[in-house]
Each structure stands twice: as structure tokens, then as C-alpha cells.
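J.: As given, the protein sequences belong to chains Z and A, one line each in that order. Note that my numbering has the first sequence beginning at 1, numbered continuously upward. Note that my numbering has the second sequence beginning at 1, numbered continuously upward.
FYI, nobody ran anything at the bench for these hints, they're computed from the structure. Some hints here could point you the wrong way.
Output of the computed footprint for chain Z on chain A, the stretches with three or more beta carbons under 8 angstroms from beta carbons of chain Z [stated by the list, open to error]:
1. 7-21
2. 256-270
3. 303-311
A partial selection of chain A residues facing chain Z, derived with a Cβ cut-off under 7 angstroms [what the hints assert, rightly or not]:
4. PRO140
5. ASP279
6. HIS325
Just so it is clear, CB atoms sit at the ideal spot from N, CA and C, and this is done for glycine as well.
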Amino acid sequence: MTKTLVIYLMAMPDAPELAEAAVEAGADIVEFGFPFSDPLADGPVIRRAGERALAAGMRTGRCLEVLAETRARVSVPLVVMTYASIFDAHGWERLETEAREAGATSLIVVDLPADERPELRRVQLVAPTSTDERLKLAAAHTDGWLYLVTVTGTTGARTELAPTLAPLAERARAVTDVQLYAGFGISTPEHARAAAELVDGIVVGSRAVEAAEAGTAELARFVGSLRGALDALAVA
Amino acid sequence: MTSTRTYGAYGGRYVPETLIPALDELEHAWAELREDDSFHAELHHLLTTYAGRPTPLTRVERFAPDQRMYLKREDLMHTGAHKLNNALGQAVIAQRLGKKRIIAETGAGQHGVATATVCARFGLECIVYMGSEDIRRQAPNVERMNLLGAEVRPVEFGTRTLKEATSEAIRDWIANVETTYYLIGSCVGPAPYPEIVRELQRVIGREAREQIQQIEGRLPDTVVACVGGGSNAIGMFYDFIPDADVRLIGVEAAGAASLGTGRPGVLHGARSSLLADEDGQIMDAHSISAGLDYPGVGPEHAQLRDSGRAEYVPCTDDEALASFHRLCETEGIVPALESSHALARALDCGDELVVVCLSGRGDKDLAEVRNHESDSSLSA
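With these hints in hand, go ahead and build the complete structure from the sequences.
T.: And the structure:
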């Protein structure tokens with residue numbers, strides 16, 4: 001079965017063109033980051049991208065506009081990824097409604113574990129530290145797929161695929177049938193291929209943000225290299 | 001009394017999933033320890049033989065000639081501030097959990113010094129995150145932390161103050177959660193931290209309440225404490241909360257009034273009252289005092305404000321400086337700039353019998369006071 005490729009982009013005025021380029025190059029899902037001033041789960045690359053987005057005026061209202069512009073260009077699922085403070089300020093139900101109206105197919109709230117506000121339908125994250133009980137809880141509440149955080153740590157490129165992914169994927173498989181996509185620390189075609197042997201899809205964030213900063217051509221080239229690695233795996 | 005994760009609409013555990021098992025572990029350990037006589041005995045022994053408790057209550061007749069004002073002298077604690085009450089208690093908890101690596105955030109450096117102190121005392125590795133702006137204005141405390149064997153890691157982005165130092169400490173904790181205990185310095189953060197810190201700081205108010213009754217034969221009219229994250233204030237207030245006639249006043253820096261001018265939001269793991277814009281982006285705080293220079297506050301203070309049980313009032317940098325000098329000159333006590341905010345509002349609260357938490361001593365602030373005053377005289 002073909003593995004799913006999820007690409008993270010920060011909400012910026014040029015995000016619609018970038019998303020279109022990523023999808024044409026083989027991204028199956030685009031995560032759309034709404035920036036937050038204090039992103040606890042993010043390493044330096046996404047933190048700095050968030051600082052630039054805020055400096056460029058990417059507040060919630062503007063992020064929703066750019067999301068709608070992106071939806072007009074691509075037909076793949078778009079998942080809004082942000083922090084609890086953004087929802088709390090805008091209104092939890094209101095932001096969920098407005099994000100879906102603007103074209104979001106789901107949501108990720110990085111600092112909202114499964115037992116906080118379970119009524120908000122979203123993709124749940126689990127980590128190597130999650131107990132089997134927490135894996136079951138997250139799987140039971142998740143929206144479509146379960147996000148496996150490969151590392152005990154923040155977002156950002158690593159030199160090697162984390163050895164913690166394999167046991168986490170195995171434990172998650174044992175408790176749920178939902179699709180498992182792995183992210184955090186996956187930054188090269190080699191990582192993508194190694195991770196995809198363990199799970200149904202992969203998420204690439206920090207390295208995609210860096211590629212996007214270099215423009216649509218570089219992003220397309222990078223996404224294409226990931227797509228190639230995943231497709232080679234499907235054929236093999 | 002039962003544990004709680006929320007304080008009305010505030011509190012909670014707004015953290016990445018990676019940290020939840022560690023918070024669960026801490027919650028279970030804390031639920032056992034708080035009922036464990038041996039834990040309380042160990043802590044009491046440390047507080048009395050190492051930290052210098054109980055701290056005295058000092059009448060300040062020359063500072064406040066028109067009132068009967070008393071200072072609860074947390075400045076006389078070992079390390080010079082109330083922060084050690086919390087650091088000692090959490091170090092004992094960390095030991096019971098078997099954690100050998102301790103991380104902390106610090107603003108004024110008082111919590112960093114307290115944490116470095118307990119880590120030296122117990123032989124634990126200690127890493128303190130501190131904004132580079134705070135490193136500049138609180139240099140003596142940086143030297144003390146180094147002397148005590150701690151590693152001070154500067155945080156060079158954003159506001160370069162306590163907010164970013166706290167975010168970096170939490171990022172470290174996310175990456176090292178299996179080996180590391182996060183020794184948080186105030187009654188903020190995800191549950192169960194606000195409750196743990198309150199319970200460890202309650203000794204301030206418990207002692208003060210007994211002492212004032214022994215001296216004056218009655219409860220005070222008013223209790224005053226400064227509020228940054230709010231740990232000395234919650235510790236001072238807590239045992240007075242059932243005393244409905246005792247007025248509780250928390251004093252915020254005017255440029256960092258999370259309770260006075262803030263709005264509900266989520267920061268560093270908890271929902272509370274914050275300095276944030278209408279989109280939930282956290283704003284910069286401004287205070288001459290590094291310990292109050294924080295855009296958030298403990299969730300229990302937000303609840304006390306909403307219920308009306310405590311009132312929260314602002315104090316400007318200049319008002320705090322005036323009280324700082326007045327206490328130095330009239331009583332021979334050099335207060336921390338943080339505590340000087342409480343002194344200013346205690347003087348003009350209009351009440352007769354007042355107890356103020358003098359949360360720390362001001363040696364660390366001398367250079368900052370001089371800098372501020374030479375800037376003011378240049379611009380005057």
C-alpha cells in the first residue's frame with residue numbers, strides 16, 4: 001500500500017503557492033501551522049518560522065483567509081496545527097467551525113492532550129512516553145489517523161531516525177486499527193523510508209519549512225525526493 | 001483535602017502528550033507524599049536546620065508610622081528569598097522519584113539560586129535556564145549559581161526574560177523527561193505544579209498567622225504580597241483565605257499586570273489570566289523587577305480574583321523604587337525590588353494592622369537600581 005506523505009507549512013502569505021507545489025510534488029496531506037508566540041513543542045526552525053509569520057501579521061483571522069486561499073488551489077486534506085492559546089482566545093467552537101469553513105479537514109492542537117477538551121474532534125498525538133492506556137485513549141478519540149511523535153523531544157531535524165519509533169509503532173498497532181503516521185525528526189528520504197517501513201505515513205515539518213523558505217522550486221524538489229523514497233518502498 | 005487539576009475555569013494540563021506520563025507520575029507521588037508524615041518530617045527538619053525557619057515578623061514603625069505594619073521576613077531565609085521553601089520541598093520529591101537531573105527556569109535568579117543550592121545540598125545535577133536580559137540585570141545571582149555548581153544556560157531569543165526561560169526549560173523537559181525533574185519556581189505550569197508549590201509555600205502564611213496573633217492578639221486587617229507568578233503571595237494568602245475579614249491584596253508590576261489588565265489564555269501548561277492580545281498571542285511584560293516581569297500568573301490567583309476573595313492592584317517601577325529606598329533608610333532592611341511593590345501598596349492601603357510578605361532581600365538589585373536612577377537623572 002502506498003504510504004501517506006504529510007507536509008507541514010507555516011501559514012504565510014505565500015502558503016497557497018507552496019501548498020500547491022508540495023501537492024504537485026506528491027504530498028498527500030498538508031498541515032497548516034497557525035503561529036503561536038510560545039510554541040513549547042517546537043524546535044528552533046518552526047519557532048523562528050512562527051516568529052516571522054507573526055511579524056508578517058499572520059494572526060488568526062489572516063491565517064483563516066490564507067487557509068481558504070490554499071483550499072481553492074488544492075484538493076488534499078488540510079489539517080490546521082496550532083496551540084491551545086489560539087483556540088482559547090478565538091473561542092474553541094468558533095475556531096473549529098471557521099477553520100472547517102475555510103477548508104480544514106481536521107485539526108491538531110499540540111498542547112492539548114487527549115483528556116483535555118475531548119469534545120474537540122482532532123488528530124491526537126502520542127509519544128514514546130505514552131502508556132498503553134494513553135495510546136488507547138488517544139486512538140479512541142483521534143480523527144482519522146494517529147500522530148506518532150517519533151522522539152522524546154521537540155520538532156526539528158535529527159541525524160538518525162529515532163530508535164523509539166519502532167517500539168511505539170508496535171505498541172500502537174496492538175491497541176488500534178487506525179492509520180499511524182510518524183513525525184518529529186523525519187527530515188531526509190532515508191528517514192522517510194525507514195519510518196514508512198514501520199507506519200502508514202510520515203510527517204515532515206522543520207525540513208519542509210526550511211525548503212519552503214527557499215521557494216516553491218526547492219520545496220517541490222524536496223517533497224519529490226520524499227515521495228520517491230516512499231514509492232520505492234511500495235514497489236519493493 | 002483532595003487534589004485538583006483546575007481552579008474554576010483555570011489550571012489544567014495544556015502540555016504536549018510527551019509530558020503527560022511524567023505529570024501523572026508526579027501527581028501520584030505527590031498524592032502519597034502530602035499524606036506521608038516522614039515527608040513532612042524530613043522537610044521540617046531541612047527548613048529549621050538548613051533554611052532558617054521560622055522567619056520572624058518585624059514591626060516597621062519608622063517605615064509606616066501611621067499603621068501597625070509587620071514584615072514577614074522571608075528575606076532572612078537561607079539564599080535570601082522565599083524560593084527555598086519550594087526548592088527544598090521539590091528536591092525531596094525529585095529524590096523520592098529517583099530523578100538525578102534537575103532543571104529550572106529563573107527570572108530574578110532567586111529561584112535559580114535556590115535550586116542550585118538544593119542540588120548542591122543533595123548532590124544533583126542542576127541546569128538553570130535564564131533569559132540573557134535577566135543574566136545582565138541579575139549578575140550576582142548568576143555568579144552564585146555558578147559557584148554552587150549549576151550550569152546557567154542563557155536564552156537568547158524572544159523577550160530574553162522569564163517567559164522564554166520557562167519555555168526553554170519545558171522544551172528541555174520534553175526532551176529529557178525520563179531522567180529529569182522539572183523544578184518549577186512558581187505556582188504556575190500544568191497540574192499538579194500549582195498545588196505543589198502552594199503547599200510548599202503555605203508555611204509563610206501559616207507562621208505569619210500564628211505570629212501576628214501572638215503579638216497583636218488578633219488577625220490582621222490586611223495581608224499584602226507581590227505577585228509575579230504568585231508563589232509568595234499564594235503561600236502568604238492561603239491560610240488566611242477562610243478568615244473572611246482579612247483583606248488579601250496582591251500587588252503586580254504595572255507593566256506586568258496579568259490579573260489587573262490580562263485576559264484568559266493558555267501559557268506554559270495552564271489556563272490563567274495572561275497578558276495576551278485578542279488572538280491569544282502572549283505579549284511582553286515590563287518591570288524593573290525581573291521576578292515580576294512575566295506575562296502570566298498562577299491559575300489559583302485568577303480564581304481568587306474572580307471570586308473577589310483577593311484583590312490585585314498595580315504598582316509602578318518608580319513607586320516600587322521609592323519604597324525600596326524608604327525601607328532601606330528607615331529600617332535598615334534592603335528589600336528585593338519585587339517585595340518593594342508590596343511595600344508601596346501596603347503603605348497606602350488605608351488599613352491599620354497590616355502584614356506584608358517581604359519575599360526577598362535586595363542585594364541582587366543594587367546595580368539595577370543604580371542603573372535605573374542614573375538613566376532617570378540623565379533624562380530629567
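J.: None of the hints should be skipped; say for each whether it holds.
T.: Tested hints:
1. Only residues whose beta carbon comes within less than 8 angstroms of a beta carbon in chain Z count, and the stretch 7-21 of chain A has 10; three or more means the coverage holds.
2. Requiring three or more residues with a Cβ within less than 8 angstroms of a Cβ of chain Z, the coverage given for the stretch 256-270 of chain A holds, as 7 such residues are present.
3. Only when three residues or more bring their CB closer than 8 angstroms to a CB of chain Z does the claim for the stretch 303-311 of chain A stand; here the count is 0, and the claim is violated.
4. The beta carbon of PRO140(A) comes no nearer than 28 angstroms to any beta carbon in chain Z, farther than 7 angstroms, and the hint placing it at the interface is violated.
5. The interface hint given for ASP279(A) holds, since its Cβ lies 4 angstroms from the closest Cβ of chain Z, which is under the 7 angstroms cut-off.
6. This hint is violated: HIS325(A) has a C-beta 36 angstroms from the nearest C-beta of chain Z, more than the 7 angstroms allowed.
When held up to the earlier numbered hints, the structure conflicts with 3, 4, 6 and fits the remainder.
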